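Student: Chain residues, written in single-letter form:
Protein chains: 2
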Amino acid sequence: MGKIILASASPRRRELLEQIGIRFEVIPARGDEHAVKNRPEEIVREMAERKAGEVAAAIKETAILVIGADTIVACPKEGTDELKILGKPRDDAEAFSMLSMLAGRTHFVYTGVSVVVVDAEGEKTVHTFFEKTSVTMRPMQDQEIRRYIATGEPADKAGAYGIQGKCAIYIDKIDGDYNNVVGLPVAALCRELMKAGISLYEWQGDEDVR
Amino acid sequence: MGKIILASASPRRRELLEQIGIRFEVIPARGDEHAVKNRPEEIVREMAERKAGEVAAAIKETAILVIGADTIVACPKEGTDELKILGKPRDDAEAFSMLSMLAGRTHFVYTGVSVVVVDAEGEKTVHTFFEKTSVTMRPMQDQEIRRYIATGEPADKAGAYGIQGKCAIYIDKIDGDYNNVVGLPVAALCRELMKAGISLYEWQGDEDVR
Chain W
1 MGKIILASAS
11 PRRRELLEQI
21 GIRFEVIPAR
31 GDEHAVKNRP
41 EEIVREMAER
51 KAGEVAAAIK
61 ETAILVIGAD
71 TIVACPKEGT
81 DELKILGKPR
91 DDAEAFSMLS
101 MLAGRTHFVY
111 TGVSVVVVDA
121 EGEKTVHTFF
131 EKTSVTMRPM
141 QDQEIRRYIA
151 TGEPADKAGA
161 YGIQGKCAIY
171 IDKIDGDYNN
181 VVGLPVAALC
191 RELMKAGISL
201 YEWQGDEDVR
Chain F
1 MGKIILASAS
11 PRRRELLEQI
21 GIRFEVIPAR
31 GDEHAVKNRP
41 EEIVREMAER
51 KAGEVAAAIK
61 ETAILVIGAD
71 TIVACPKEGT
81 DELKILGKPR
91 DDAEAFSMLS
101 MLAGRTHFVY
111 TGVSVVVVDA
121 EGEKTVHTFF
131 EKTSVTMRPM
141 QDQEIRRYIA
151 TGEPADKAGA
161 YGIQGKCAIY
171 IDKIDGDYNN
181 VVGLPVAALC
191 RELMKAGISL
201 YEWQGDEDVR
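Line by line, the protein sequences are chains W and F.
Per this note's numbering, the very first residue in the first sequence carries number 1; after that it's consecutive.
Per this note's numbering, the very first residue in the second sequence carries number 1; after that it's consecutive.
Hint data in this document are derived by calculation from the structure and do not stem from the laboratory.
Just so you know, not all the hints are guaranteed correct.
Same chains, same names: a pair is fine if it fits in one copy or spans any two.
To be verified - The calculated lysine to aspartate or glutamate pairs, modelled on EDC-like cross-linking and capped at a C-alpha distance of 20 angstroms, are:
id, residue 1, residue 2
1, Lys166, Asp206
2, Lys132, Glu61
3, Lys166, Glu15
4, Lys124, Glu41
5, Lys132, Asp172
These numbers come from a predicted model, not from an experiment.
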């Protein structure tokens, strides 16, 4: 039994943990946003590990479980096998170019999750994984892109869109986990921790319903 | 330009319309829940048409757009091509048997949507379609099913689960539109109306951002 800490300032990640009934504190990692790795799945794993590691190191307590996560969008470059990595747009012009690229095509969303567990004896284990979801957007007219940017949603989101917001009308289908696109694959989080014998519900001291 | 009416009492459908920025009134259809048809896509179309039709007929106004919807879950019967249709569970025992059936397998969620448009001249058109999404649930232990039923979420939901609630940790992946599983495929709603030359945003008198 112990504390659960979310090492992220993202309101969407917070809402997802609340949705599944987890009680936690938020201690955002400052992190620097420069990954050393190149492949999307490596980048998100690396960034998630850094975030969770930074916060776990700063806390210096035992019986803590720290969750870090990082989400990026990767879009295939026309006619090649290469992927263009899209983070958060710097401004409206970049948001426009990102959305123009994504509209009418299928892209991939990667979220890396890293969980640092420090047990009551101070023993530390790290569990890191990633989840990938395909997202197919319908074609958008320039005017629709501008209207969407004017909602303010693209500003703080990888790939310049929020699937759980007004962009919903442009998402034709996904293949994979939806919450992974929102920013935290809670199903994979529970599944991966379960493999290591850890239940978030037991960790926070919930009584079992039997 | 005119009024938009949602012919459904579902808080989830209301939230989805709000999410995409639609302003509307709620006038739930009373409806009877007995479909004449047998195939899932026919059942949901029929029920949606009845709901939207009932409310549109009762209003007797012009310049209205009435949205009706119906969602069901269809689960393949083991080793056959037949589908078992799951509506809302009558009680916890039925919720348990539905969730036992869905766990560890892929099932289909169908939402039918019917939109009755009565223009300023009183001319009526009806636009009906359906959307289908595959949902893959991970295996659940009996104790997990009981714990989930104890949250109260299954009671008012087709198939006895809410993808947008605590059941999220048991949904490994979906293939198709997520909001269709929540209860209203807003992307398809906008897309299908657009084919008929109707924009919900123009209908409610939004100024265009150009």
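Student: Treating 20 angstroms as the Cα threshold, decide for Lys166 and Asp206: within, between, both or neither.
Tutor: Answer is between; shortest inter-copy Cα gap is 15 angstroms, intra-copy 36 angstroms.
Student: Given a CA cutoff of 20 angstroms, do Lys132 and Asp172 count as a within-copy pair, a between-copy pair, both, or neither?
Tutor: both (17 angstroms within a copy, 12 angstroms between copies)
Student: Checking an output row: Lys124 and Glu41, CA cutoff 20 angstroms. Within, between, both or neither?
Tutor: Intra 24 angstroms, inter 52 angstroms, cutoff 20 angstroms: neither.
Student: Using 20 angstroms as the alpha carbon limit, work out where Lys166 and Glu15 are close: within a copy, between copies, both or neither.
Tutor: Close inside one copy (17 angstroms) and across copies (12 angstroms); limit 20 angstroms.
Student: At most 20 angstroms between CA atoms: does that hold for Lys132 and Glu61 within a copy, between copies, both, or neither?
Tutor: neither (33 angstroms within a copy, 48 angstroms between copies)
Figure legend: structure checked against the earlier numbered hints; hints not met, in rising order: 2 and 4.
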